[in-house]
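Visitor: Given next are the chains, with one letter for each unit.
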Amino acid sequence: MGNPSDGAPQQGGTVATAGQAGGRFEDPGIPPHRPRLADTDPKAAKRAERQVTALFVISVIGTVVFLISYFAIDLGNDSSIDTIRTQNILLGLSTAFAMLGIGTGIVHWAKALMPDHEVSEARHAVRTEEDRAAAVRIVDDIIEETGIKRRPLIRNTLIGALALAPLPALAVFGDLGPNANDKLRHTMWAPNAQTGKKVRLTRDPDGTPIRASDVTIGSAFHVIPEGLNDLKEGKLNEKAKAVVLLMRLNPEDLNISPGRESWSYNGIVAYSKICTHVGCPVALYEQQTHHLLCPCHQSTFDLTHECQVIFGPASRPLPQLPIEVDSDGYLVATSDFHEPVGPSYWEREYS
Amino acid sequence: MSNASPTYQPPTKVGRIADFVDQRTGLSSVTREFGRKIFPDHWSFMFGEVALYCFIILLLSGTFLTFFFNPSMAETTYSGAYVPLRGMDMSVAYQSSLHISFEVRGGLFMRQLHHWAALLFVAAMSVHMLRVFFTGAFRKPREINWVIGGVLLILGMAEGFTGYSLPDDLLSGNGLRIIDGVIKSIPVIGTWISFFLFGGEFPGNAIIGRLYVLHILLIPAMILGLVALHLIFVVVHKHTQYPGPGRNDRNVVGYPLGPVYAAKAGGFFFIVFGVLAAIAAGFTINPIWNYGPYDPSPVSAGTQPDWYIGWVDGALRLMPGVLGAVGGYRQHFEFVVFGQQTLTLNVLLPALVPAGIVFTVLFIYPWIERWITKDEREHHVLDRPRNAPTRTAIGMAGFTFYCVMWAAASSDLIATHFHVALNDVTYWLRALFFVGPIIAFVVTKRIALGLQRKDREIALHGRETGRIVRLPHGEFIEVHAPLDAYKRYRLISFDSPEVLPAQPNAKGVVDRRERRRAKFSQWFFEDRVAPVTPAELEAAHAHGHHEAIESAPTSGH
Numbered sequence: 165m166g167n168p169s170d171g172a173p174q175q176g177g178t179v180a181t182a183g184q185a186g187g188r189f190e191d192p193g194i195p196p197h198r199p200r201l202a203d204t205d206p207k208a209a210k211r212a213e214r215q216v217t218a219l220f221v222i223s224v225i226g227t228v229v230f231l232i233s234y235f236a237i238d239l240g241n242d243s244s245i246d247t248i249r250t251q252n253i254l255l256g257l258s259t260a261f262a263m264l265g266i267g268t269g270i271v272h273w274a275k276a277l278m279p280d281h282e283v284s285e286a287r288h289a290v291r292t293e294e295d296r297a298a299a300v301r302i303v304d305d306i307i308e309e310t311g312i313k314r315r316p317l318i319r320n321t322l323i324g325a326l327a328l329a330p331l332p333a334l335a336v337f338g339d340l341g342p343n344a345n346d347k348l349r350h351t352m353w354a355p356n357a358q359t360g361k362k363v364r365l366t367r368d369p370d371g372t373p374i375r376a377s378d379v380t381i382g383s384a385f386h387v388i389p390e391g392l393n394d395l396k397e398g399k400l401n402e403k404a405k406a407v408v409l410l411m412r413l414n415p416e417d418l419n420i421s422p423g424r425e426s427w428s429y430n431g432i433v434a435y436s437k438i439c440t441h442v443g444c445p446v447a448l449y450e451q452q453t454h455h456l457l458c459p460c461h462q463s464t465f466d467l468t469h470e471c472q473v474i475f476g477p478a479s480r481p482l483p484q485l486p487i488e489v490d491s492d493g494y495l496v497a498t499s500d501f502h503e504p505v506g507p508s509y510w511e512r513e514y515s
Numbered sequence: 002m003s004n005a006s007p008t009y010q011p012p013t014k015v016g017r018i019a020d021f022v023d024q025r026t027g028l029s030s031v032t033r034e035f036g037r038k039i040f041p042d043h044w045s046f047m048f049g050e051v052a053l054y055c056f057i058i059l060l061l062s063g064t065f066l067t068f069f070f071n072p073s074m075a076e077t078t079y080s081g082a083y084v085p086l087r088g089m090d091m092s093v094a095y096q097s098s099l100h101i102s103f104e105v106r107g108g109l110f111m112r113q114l115h116h117w118a119a120l121l122f123v124a125a126m127s128v129h130m131l132r133v134f135f136t137g138a139f140r141k142p143r144e145i146n147w148v149i150g151g152v153l154l155i156l157g158m159a160e161g162f163t164g165y166s167l168p169d170d171l172l173s174g175n176g177l178r179i180i181d182g183v184i185k186s187i188p189v190i191g192t193w194i195s196f197f198l199f200g201g202e203f204p205g206n207a208i209i210g211r212l213y214v215l216h217i218l219l220i221p222a223m224i225l226g227l228v229a230l231h232l233i234f235v236v237v238h239k240h241t242q243y244p245g246p247g248r249n250d251r252n253v254v255g256y257p258l259g260p261v262y263a264a265k266a267g268g269f270f271f272i273v274f275g276v277l278a279a280i281a282a283g284f285t286i287n288p289i290w291n292y293g294p295y296d297p298s299p300v301s302a303g304t305q306p307d308w309y310i311g312w313v314d315g316a317l318r319l320m321p322g323v324l325g326a327v328g329g330y331r332q333h334f335e336f337v338v339f340g341q342q343t344l345t346l347n348v349l350l351p352a353l354v355p356a357g358i359v360f361t362v363l364f365i366y367p368w369i370e371r372w373i374t375k376d377e378r379e380h381h382v383l384d385r386p387r388n389a390p391t392r393t394a395i396g397m398a399g400f401t402f403y404c405v406m407w408a409a410a411s412s413d414l415i416a417t418h419f420h421v422a423l424n425d426v427t428y429w430l431r432a433l434f435f436v437g438p439i440i441a442f443v444v445t446k447r448i449a450l451g452l453q454r455k456d457r458e459i460a461l462h463g464r465e466t467g468r469i470v471r472l473p474h475g476e477f478i479e480v481h482a483p484l485d486a487y488k489r490y491r492l493i494s495f496d497s498p499e500v501l502p503a504q505p506n507a508k509g510v511v512d513r514r515e516r517r518r519a520k521f522s523q524w525f526f527e528d529r530v531a532p533v534t535p536a537e538l539e540a541a542h543a544h545g546h547h548e549a550i551e552s553a554p555t556s557g558h
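Protein chains in written order, with our numbering: chain A, 165 to 515; chain B, 2 to 558.
Just so you know, these hints were derived from the structure itself, not from any lab.
Treat the hints loosely; a few may be bogus.
Claimed, not checked - With a straight-line cut-off of 25 Å between C-alpha atoms, the simulated DSS-like cross-links for lysine-lysine are:
hint	chain 1	residue 1	chain 2	residue 2
1	A	K347	A	K399
2	B	K375	B	K239
3	B	K38	B	K141
4	B	K375	B	K488
5	B	K141	A	K275
6	B	K488	A	K275
7	A	K275	B	K239
8	B	K38	A	K275
9	B	K446	B	K520
10	B	K265	A	K210
11	B	K446	A	K207
Just chain A, same shape as in the assembly:
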């Protein structure tokens, strides 16, 4: 066995302790200064001086180029992409030269010409014992003068008052958040409450209605509810809940669970486009495998099994929109979604 403290490769084995018995090495002190070329050779110093000057001159040129390109190229409502690109490159590169000229010039100056002797300076204690003692005395005196220890009634009522004081802030901030109520539960797909008129499925983004006969097997439509584009207020809020994907499959490929037999029409199915994970649009439809894929976190839904999750971080299937065909042959929503769309939230199961 070699001495494990040796550390030489041929004496391997344990990585282990070596006694400190041999003492410690003396600190040899800061290594002697090694002169640079410019310290000993005046020619080298002159050369470094010229290099630093040249770098500063480059900076001046950069600034001039910046000003010229700034004023020579004007941008306006009719400027082309090429003009914008040219200006960006000119302004950027001239700034780069202006800054790098100064920066490299100063650093070169410091490294080649300024003294490079390393100096040692003593550190001082972050806190001295004397300061500590003085501070403790002061604090003790202050506490003594307030009399807070002798008058607990003052102290306790002050603590009580301070503890209650933030409550108004809590109330004010509490009111800033509007109550969710059941907003997350309803979308524009619900039939009109007065007339009972059902909402047509229309194309995103132009809002033209879709005939059942337009939907061929294998095709997919991005769908918004009829009337969305006419909204003056909260259009994006409604759209963020109501967007739907419409696809037509061979009816034999669909595995329909009991109760949902009437939700599709002739192999045409509609599902919420809002991912049940964290709400990205599930925008990728893989026609061959009938999978829907969310591009944000790759949750994958199987269209043939009512959009059950087959991969990725989502846990719930995409909600299905029950559809039928109205008397004019257009697709309409029979009712609203039967559950909230999009990401889960604490009160989701409340009715």
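For this one, chain A is given, so just place chain B on it according to the hints.
Guide: Chain B only, in chain A's frame:
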């Protein structure tokens, strides 16, 4: 009783101005204190500087952008310079971002500079923190400054994310949508917080204005304050230094602030600015005009968040929502608890737990190590990472943990670029999420110990010269050149803590907590390569001559 007027009469005009100011501010004492203050020099000390300079550039370019940006979510129809978007409905915020890009002279350059500086800002802070961790610079008396650094990193990420969302483009809008989904997964108060933040339902018309206030006022003010505090502490503690001849915990060796260090540091600001300007000139970042205005329906494939948010997004991707096949056994990670409350662990766990672990360990690590080592001394000389093998291994385990999640944020791009199945990429990364840190720990520790043994070998026997000499009796040896005292000191002047067994407390009892500490101490320091001692060097030299004559070492020393 009036003060005698100073007898000093400055000879020059500048001198008279300086004297005027000095008599009213007392700046002489500041110059006296700082003019020749010593700063140690090392390339790895520049990461913090890079972060500081990026922040200054961010303030400059950001101020320019605020002059033109309009944080309104009111709807408008575009009629600006970018032809493909003309006639489209969009928010005023997005329109004004396009206006800055295409119609404001130098606006695109400022946007690019601002975004690149932001990316570099967080990167420089991250690398700076890695440097501080791996060299042990967080030890007493710098624990509080380490925590301030951690808070600054979080604020930097928050500042980045709030700014990223402001243009109200499709990409950042989907980012906000994800944030909304994550917030909604918080039990009890999640829905309320979401409605509070967005002023109602997502996306509403309040969020951009609110993020704007956070981005240009609240968070930068906090960063500025903490940066000032951070730098004050650097002055109070004086900078750490790497070990070497002439350096110890009681001194600081380096260059004086004036002129060398000020010139180098000041010049470096212009270099950082110049490099960022060159990048902004040549490399497009966040081309919002390609994405279009935010609309809840479309999304682009292959979207990535800015790099520093990647690890959190990656964690979201790694978590399985459902295990098992359709029709077979299925384990969902969304539960209904107490009858009707929804607990959506498939979002909540990955959003909170990994980031929680990383930042908790980061913040309390100085205290963990202090507890294990019972080390109450001040440390101003840094550890070379190899000389603290367990700490270095812990750091690399954490770094690997982070990088696995970070890679997961690009799982789809990894799949498309390397032509592998997306599912396989995810499965591998899920495994690496758990196994990767362990592998990294073991491998790093062995590498560190190996490097220490190499240092020992060099300190004892000198440097291999590559010169082969044949001895009179026929043996070939390689000549080793001895090190000079300075180089050797660099290799042997480090602290090598030993396992500290459980100590009895004041009552003379070894309690359970102390026994646990001893176990950690064992884990930390049992694998140990001690620094060379003079006696060992002596022995090695004697042995060296011996070895040259005899053929092989046959006995122990």
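Visitor: Decide, hint by hint, whether the structure agrees.
Guide: How the hints compare with the structure:
no.: 1; hint: A/K347 <-> A/K399; verdict: holds, 14 Å
no.: 2; hint: B/K375 <-> B/K239; verdict: holds, 24 Å
no.: 3; hint: B/K38 <-> B/K141; verdict: holds, 22 Å
no.: 4; hint: B/K375 <-> B/K488; verdict: violated, 31 Å
no.: 5; hint: B/K141 <-> A/K275; verdict: violated, 33 Å
no.: 6; hint: B/K488 <-> A/K275; verdict: holds, 23 Å
no.: 7; hint: A/K275 <-> B/K239; verdict: holds, 23 Å
no.: 8; hint: B/K38 <-> A/K275; verdict: holds, 18 Å
no.: 9; hint: B/K446 <-> B/K520; verdict: holds, 18 Å
no.: 10; hint: B/K265 <-> A/K210; verdict: holds, 20 Å
no.: 11; hint: B/K446 <-> A/K207; verdict: violated, 50 Å
Checked against the numbered hints given earlier, the structure breaks hints 4, 5 and 11 and satisfies all the rest.
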